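Engineer: Heads up: the protein sequence lines correspond to chains Z and V, in order. Numbering-wise, the numbering used here comes out as the position in the first sequence, counting from 1, plus 3. Numbering-wise, the numbering used here comes out as the position in the second sequence, counting from 1, plus 8.
Derived from the structure by calculation, the hints contain no laboratory data. Remember, predicted model here, so these are calculated numbers, not experimental data. Mixed in with the good hints there might be a few duds.
What the hints assert, rightly or not - Pair by pair, the computed Cβ-Cβ distance ranges are: (1) Z:44 - V:47: 17 to 27 Å; (2) V:30 - Z:65: 44 to 54 Å; (3) V:87 - Z:44: 28 to 38 Å; (4) V:76 - Z:99: 15 to 25 Å; (5) V:77 - Z:10: 40 to 50 Å.
The C-beta atom is built at its ideal place from N, Cα and C for all residues, glycine as well.
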Amino acid sequence: EAAVTQSPRNKVTVTGGNVTLSCRQTNSHNYMYWYRQDTGHGLRLIHYSYGAGNLQIGDVPDGYKATRTTQEDFFLLLELASPSQTSLYFCASSDVAGGYEQYFGPGTRLTVL
Amino acid sequence: GDSVTQTEGLVTLTEGLPVMLNCTYQTAYSTFLFWYVQHLNEAPKLLLKSSTDNKRTEHQGFHATLHKSSSSFHLQKSSAQLSDSALYYCALSDTGGLSGKLTFGEGTQVTVIS
Chain Z
4 EAAVTQSPRN
14 KVTVTGGNVT
24 LSCRQTNSHN
34 YMYWYRQDTG
44 HGLRLIHYSY
54 GAGNLQIGDV
64 PDGYKATRTT
74 QEDFFLLLEL
84 ASPSQTSLYF
94 CASSDVAGGY
104 EQYFGPGTRL
114 TVL
Chain V
9 GDSVTQTEGL
19 VTLTEGLPVM
29 LNCTYQTAYS
39 TFLFWYVQHL
49 NEAPKLLLKS
59 STDNKRTEHQ
69 GFHATLHKSS
79 SSFHLQKSSA
89 QLSDSALYYC
99 ALSDTGGLSG
109 KLTFGEGTQV
119 TVIS
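Start from the sequences and build out the full structure, keeping to the hints where you can.
Structural biologist: Right, here's the structure in full:
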């Protein structure tokens, strides 16, 4: 079965703080994604990538940077965190085989005070 | 651009009664349609997927049929269980455009009561 892991699972920071969320997949997938999930908004795509060194802008990118260092690792960076970024963050991976079916990690709950 | 519409935001069902969640979509390309289920404090996981017109797909008691003529992929189950209480997302992938993205609907929160 596909495996996507995220760390940390929970994070609390203060306004203006720096946060890095990590994601690793062992599926040998080319595509990786970062989403945020908030009540009333469903899943919203922040950034995604189709390979090491590649970055594509998603639907809600403001305030977020991302970097794909290897095929396995995808990071989400919040350089000046704000309370509006308090959310549940999911990472996912996929590939063209299977029609881009996405496999999700367990999520990271971020609280910005 | 692509879009997915789930008309029900909140659904409350009585255990043992049938379930039907609506999903319609718009896309310019050939595509896969998906249903994801997310239980409380868990990640979304795949429930069903299809790219074949008019073919019924089944898994874990749920079924759906992709109808390209009406751009629909409704999720059904004959008898709801308490464990079916969850958030359900319909999504489509842009296989023709090769962007690698999924377009998700807003989700339907299902609560099954006894």
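Engineer: Quick check: which numbered hints come out false for this structure?
Structural biologist: 2
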